[in-house]
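Protein chains: 2
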Amino acid sequence: MVPIMESNRLDQRVCGRPLGDCLEIIERFHGWQAPGLVLGLFMVDMASEFIGKGVEADAIVETRHCLPDAIQLFTPCTVGNGWMKILDWDKFALSLYDRWTKQGVRVWLDLDKAARYTNLYKWYMRLIPKKALPLPVLLDTILEAGQDVLSSECIKLTQFHKREKKTDVLVCPICNEAFKADQGNICFSCQGGGYYESIAFHAAAAFGNSR
Amino acid sequence: MVPIMESNRLDQRVCGRPLGDCLEIIERFHGWQAPGLVLGLFMVDMASEFIGKGVEADAIVETRHCLPDAIQLFTPCTVGNGWMKILDWDKFALSLYDRWTKQGVRVWLDLDKAARYTNLYKWYMRLIPKKALPLPVLLDTILEAGQDVLSSECIKLTQFHKREKKTDVLVCPICNEAFKADQGNICFSCQGGGYYESIAFHAAAAFGNSR
Numbered sequence: 073m074v075p076i077m078e079s080n081r082l083d084q085r086v087c088g089r090p091l092g093d094c095l096e097i098i099e100r101f102h103g104w105q106a107p108g109l110v111l112g113l114f115m116v117d118m119a120s121e122f123i124g125k126g127v128e129a130d131a132i133v134e135t136r137h138c139l140p141d142a143i144q145l146f147t148p149c150t151v152g153n154g155w156m157k158i159l160d161w162d163k164f165a166l167s168l169y170d171r172w173t174k175q176g177v178r179v180w181l182d183l184d185k186a187a188r189y190t191n192l193y194k195w196y197m198r199l200i201p202k203k204a205l206p207l208p209v210l211l212d213t214i215l216e217a218g219q220d221v222l223s224s225e226c227i228k229l230t231q232f233h234k235r236e237k238k239t240d241v242l243v244c245p246i247c248n249e250a251f252k253a254d255q256g257n258i259c260f261s262c263q264g265g266g267y268y269e270s271i272a273f274h275a276a277a278a279f280g281n282s283r
Numbered sequence: 073m074v075p076i077m078e079s080n081r082l083d084q085r086v087c088g089r090p091l092g093d094c095l096e097i098i099e100r101f102h103g104w105q106a107p108g109l110v111l112g113l114f115m116v117d118m119a120s121e122f123i124g125k126g127v128e129a130d131a132i133v134e135t136r137h138c139l140p141d142a143i144q145l146f147t148p149c150t151v152g153n154g155w156m157k158i159l160d161w162d163k164f165a166l167s168l169y170d171r172w173t174k175q176g177v178r179v180w181l182d183l184d185k186a187a188r189y190t191n192l193y194k195w196y197m198r199l200i201p202k203k204a205l206p207l208p209v210l211l212d213t214i215l216e217a218g219q220d221v222l223s224s225e226c227i228k229l230t231q232f233h234k235r236e237k238k239t240d241v242l243v244c245p246i247c248n249e250a251f252k253a254d255q256g257n258i259c260f261s262c263q264g265g266g267y268y269e270s271i272a273f274h275a276a277a278a279f280g281n282s283r
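Heads up: the sequence lines are chains A and B, in that order.
So in our numbering the end of the first sequence lands on 283, straight run, no missing numbers.
So in our numbering the end of the second sequence lands on 283, straight run, no missing numbers.
Some clues are possibly wrong.
As the list claims (entries may be wrong) - With a Cα cut of at most 25 Å, we get these calculated BS3-like pairs of lysine-lysine:
(1) B:Lys-125 / B:Lys-234
(2) B:Lys-252 / B:Lys-202
(3) A:Lys-202 / B:Lys-237
(4) A:Lys-202 / B:Lys-125
(5) A:Lys-238 / B:Lys-185
Think of the hints as simulated: they come from the structure by calculation, not from any bench.
Pulled out of the complex, with its shape left as it was, chain A reads as follows:
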């Protein structure tokens, strides 16, 4: 049990739930209470408050680290249902927007505000080795900061707002699997773009003790 769990902050409601429950949900899904995800929880909370309950919102997230999981856990948007798009820019920011009007809100980690929380700032800017900043200490700073290190602005989407429809499928004459028609007559994998080679079963049979 980390010190954080004794904090009475855990009763605070975030994203409609007690913070303690949110942290459990995060750990179950993500594998651990990653600081970026806990910070992301407050970002989703801020954006959701702004958008309001009556709005069907899609999401854009500007990094593939941690933050997509905060959106997936605390909004209806997931990568698999197509309501969340991920931009690999490593900017710690997310937007929720009304899918009909394309208006919404962008929330980001504001470095000027973050500078007031030394642990958080040093962690985010990678100015401190992991060992020098134990996770419970960092998490405690993040919980203390909450929305206080975030900024937001109202936005209107100019691109990436289209819901991408499934395209036509073809059956690849080589592997006999269905694939997206834009790859040509045979699938990208059979064109040589694949990521694996087939191996015999006996070579793979020792999985359990393969390390």
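Starting from the known structure of chain A, arrange chain B on it as the hints suggest.
Just chain B now, kept in the frame of chain A:
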């Protein structure tokens, strides 16, 4: 209540849980019992059985539709923790592999086998309008089929297996946000690649009744 919920198949264990619980988990996360996700549940089940419990497995998924959510819900791999990579090929296939030996298993929807389940085949190949095949009927076919429409092979990863580390961050002199250093001296968004324009608060204030 859809007919499917009365099926005694719901007691069957899939991915270590009663099928009924899995369907609830799917609906809560994804928004509905999407057929692709239910089929994906059986794919994850098959791949996990093969890999075994003692293996730390990463995932690759060959479509961004539905299937990533099956992996995120029923394995420890998520998009945000970096253990799952998504290839946008629209092939209904996934791989789980030992992150140390790079050996694993690929499971895919086998069209030859699927052809024996008319509803499933017609749905997947988009040969039937949605209205002509009600969701409960399709789901019942998918539950009936289970692993019977899947094939698998042992594989060794040849690419995409690297865990991508976070790269250096810079602070953008225009927006004052941190960003991934490979974008140049200013962030991609401030270079003109952004997806939004800022709007005044009053324009966005009517969110709740904006449709």
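Going down the list of hints, with the structure as the test:
Restraint check for B:Lys-125 and B:Lys-234: the C-alpha separation of about 22 Å stays at or below 25 Å, so the hint holds. Distance check on the hinted pair: B:Lys-252 and B:Lys-202 sit about 43 Å apart at the alpha-carbon level, beyond 25 Å; violated. For the proposed pair A:Lys-202 and B:Lys-237, the alpha carbon gap of about 14 Å is at most 25 Å, so the pair holds. Our distance criterion of 25 Å between C-alpha atoms is broken by A:Lys-202 and B:Lys-125, whose separation comes to about 29 Å.
Between A:Lys-238 and B:Lys-185 the CA atoms are separated by roughly 23 Å; this keeps the pair inside 25 Å, and the hint holds.
In summary, the numbered hints that this structure violates are 2, 4.
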